[in-house]
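Student: On the provided structure of chain A, position chain B as indicated by the hints.
The chain contents come next:
There are 2 protein chains.
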Amino acid sequence: MKIRIYNARILPMTEEKAGHFQIVEGEIQIIEDKIAYVGPSEIAPSGCGSTGKEQSASGADDKWDREIDAQGNLILPGFKNAHTHSGMTFLRSYADDLPLLDWLNKQVFPMEAKLTPEDVYLFSKLAVLEYLTSGITANFDMYLTPDTMAQASKDLGFRTVICGAVNDFVQSVPEMEKWYKTYNQFDPLISYQLGFHAEYTTSKPVLEDIAALAKDLKAPVYMHNSESCSETEQCIDRTGMTPTAYLDSLGMFAHGGGGFHCIHMTEEDLEIFKERGLYVVTNPASNMKLASGIPPLTKMLQMGIPVAIGTDGPASNNCLDMFREMFLVTGLAKLKEKDAAVVDAKEVLYMAAVQGARAIGLADCDSLAPGKQADLIMIDLHQPNMQPLNNLTKNIVYSGSKQNVVMTMIAGKILYEKGEFYVPEDVERLYADVNCRVEELKR
Amino acid sequence: MKIRIYNARILPMTEEKAGHFQIVEGEIQIIEDKIAYVGPSEIAPSGCGSTGKEQSASGADDKWDREIDAQGNLILPGFKNAHTHSGMTFLRSYADDLPLLDWLNKQVFPMEAKLTPEDVYLFSKLAVLEYLTSGITANFDMYLTPDTMAQASKDLGFRTVICGAVNDFVQSVPEMEKWYKTYNQFDPLISYQLGFHAEYTTSKPVLEDIAALAKDLKAPVYMHNSESCSETEQCIDRTGMTPTAYLDSLGMFAHGGGGFHCIHMTEEDLEIFKERGLYVVTNPASNMKLASGIPPLTKMLQMGIPVAIGTDGPASNNCLDMFREMFLVTGLAKLKEKDAAVVDAKEVLYMAAVQGARAIGLADCDSLAPGKQADLIMIDLHQPNMQPLNNLTKNIVYSGSKQNVVMTMIAGKILYEKGEFYVPEDVERLYADVNCRVEELKR
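Protein sequence lines correspond, in order, to chains A and B.
What the first sequence shows, in full-length UniProt numbering, is residues 1 to 443, in sequence order.
What the second sequence shows, in full-length UniProt numbering, is residues 1 to 443, in sequence order.
Hints may be right or wrong, so weigh each one.
The list makes no distinction among identical chains, and a pair is therefore deemed to hold if it is satisfied within one copy or across any two copies.
Subject to a maximum C-alpha distance of 25 Å in a straight line, what follows is the list of computed PhoX-like cross-link-like pairs (lysine-lysine) [claimed, not checked]:
id, residue 1, residue 2
1, Lys338, Lys106
2, Lys181, Lys215
3, Lys106, Lys346
4, Lys442, Lys346
5, Lys204, Lys218
6, Lys346, Lys63
7, Lys181, Lys154
8, Lys299, Lys336
9, Lys299, Lys346
10, Lys114, Lys218
11, Lys34, Lys154
12, Lys2, Lys418
13, Lys274, Lys178
14, Lys274, Lys215
15, Lys442, Lys106
Hints were generated in silico from the structure; no laboratory data involved.
Chain A with its partners taken away, still in its complex shape (with noise of 0.2 Å):
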């Protein structure tokens, strides 16, 4: 497919850092999965419709297959939802406003036991039509079966980052290096880092594996990461040393990573994020609804420590929308540190979009330039909430929503445009089937 989209304003974000993000007037051209221009038009479209005759900047002069009147709105990189569990859509609103071990111990764990790897499909579908509506183009997602996992994401056409799960009761560390070489060379739209769930849940022959492996592979390695204070305290408790540093030590961070959460963390322990290169994945609306905390993110920027964004799975948010979790991103930090401007909105959207690829492995999805892979969104301005046009960042990471989300493009295809799916699923079946068997599971 080659799909033009002019009349548009650009958003590349080629910048090398969060800063003034530069807006290309212009348009946007998709030859296959990747970018092929970003640039002013030529010659300009003759009207509001399309003649299809246009000369295209690059050259590539007609047969186009589509032409897309932008109508002056917002092109940038899809988001990047850098931490999630997305078969955990059945637990929607099922388990809440409960204290985390009742949630965890009495509603979540005993519906999990009872999944099977088609539930994962089923429910992972779901979410992936929901990432799509939010403006995410790819996740990082860690949950229970890679293969259905996998699968749903290739069926859909969406682009999934898996991240092991391995920890003492689900997946081994040889299974893990098993799923590393086959999902790394499953699809192109699928890759898999090694990862595992959580220092507390993991035991230390098993870490140590996970380490060697990380080593033999020079992967980096990902885990949830200093979450809730009282993990933090029995980890010091067991080994005289936090969750960061005693991982460390055990060399799991030879070749980087990154840690989800990271609320309790400290002085040391971003220290040794920030020389060992690890992403911090910060997931605001699940550590509220949760009560877990708030993340040090002032000093971990100031830092020069990366930090992307992830929703965290929708039985802790509940959902599964980068436009909140950007607002509380910002929102967090002014409260935390009593200071209406730390944490700007440029640096809120630049790790949306820019730094979550980076932090999983997605360096060609990180911004459009030539070559880089079509992963974009459209955001409609035609709404009030993006009025009036004083600061295109600030209206987006401030006063954004889903529903400003006019098109989510993935390598290059149209998935979603103007609140339509284009995905080869029978979204109402779907809706159905998945009501069905969350009522089985239930009983």
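Tutor: Okay, now just chain B, sitting in the frame of chain A:
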């Protein structure tokens, strides 16, 4: 107009307090500006298309102007935005990421000084459009020029309660008395309540005049209250009392009223709110973005103090989105108390829909029952963030979004449906006018 919406799930919210809201499966009938019937459909509609010949339950047997198949979607009372400054849309994304005093003194006040009444008319209309997209059916609007605020809402068919904004610099008590009489007779959609900006901007003689007027009119009084720590401390320095205690000592609350923000509240302040029947209007997004703090909401609810929700103005928030506010109300309370169980979804939905109406004198808009005003919204459940249907109240509060609002009806008129506005306004022209005027104001 006679409108019948059938095949609906309806949340009438007629319960006396937040609890397990009963869902009615059936239809709602609207005749002119009022609800005529809520209940089961006596004769089910014949399939997807309506023949127009179904016998209605209320006996109003034919001649519906419109019959709408809700397709199983959810109807509930509209949200009430119980504190806002609509005319400030022009400052959206203009001044952010600044310390509070810089923001006010260097950005907000100099720009506001240039505003004409016609500007307020223009910018208020932009806000009204945004309210409609978020399912907000009424606002409590504190801003500069009541005449053009009232006209903007009346012209678009929106319901506005204007709040007096007296302080030592703008608006006088005699003006407020005149407006109170004028705008409580002006139009069924418009009403007026006494109010002043805040204790720290209003000198004692003016406050005494307001208290006297409130007693004379037997009217409640509303104001910003204890939004920032310094404001509260300075009041104590000046008067020996907190803002709440000081205003109460002047007899301000003889006939009730309420406070906006109410963050830095003492035990005694809460006792006064309880005793006087005052409403707390909480503004969580603004309180985060300006780093103002988190109110003691759990305590307020335990004491039985009624709580409503407002967005505050678009200069501080920056959006006018009740879904974001609802999530933040509970999320911030959970963080503050370090307890995931506090302020559950039912409480929050009750604040947004029911208490918001009662807080601002719109008791006939608080719920869906025969004789009440037909101020209601339809939530699309056929979207991935609303699935599965484990719990509709939680789905709305924890994962709902403006995108789910597929209809907003005020006084029996549909003003917004499936992304389109049905108001006597060229929306694109309005956006252009707003941008044009904003550029002039910036010069």
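Student: Each hint: holds or not?
Tutor: Do the hints match the structure? See the list:
no.	hint	in the structure
1	Lys338 x Lys106	between (37 Å within a copy, 20 Å between copies)
2	Lys181 x Lys215	within (15 Å within a copy, 78 Å between copies)
3	Lys106 x Lys346	between (41 Å within a copy, 21 Å between copies)
4	Lys442 x Lys346	between (44 Å within a copy, 22 Å between copies)
5	Lys204 x Lys218	within (20 Å within a copy, 71 Å between copies)
6	Lys346 x Lys63	neither (37 Å within a copy, 55 Å between copies)
7	Lys181 x Lys154	within (17 Å within a copy, 65 Å between copies)
8	Lys299 x Lys336	both (11 Å within a copy, 21 Å between copies)
9	Lys299 x Lys346	within (17 Å within a copy, 37 Å between copies)
10	Lys114 x Lys218	neither (35 Å within a copy, 61 Å between copies)
11	Lys34 x Lys154	within (18 Å within a copy, 50 Å between copies)
12	Lys2 x Lys418	within (20 Å within a copy, 31 Å between copies)
13	Lys274 x Lys178	neither (30 Å within a copy, 63 Å between copies)
14	Lys274 x Lys215	within (19 Å within a copy, 63 Å between copies)
15	Lys442 x Lys106	within (13 Å within a copy, 57 Å between copies)
Violated hints, in rising order: 6, 10, 13; the structure is consistent with all others.
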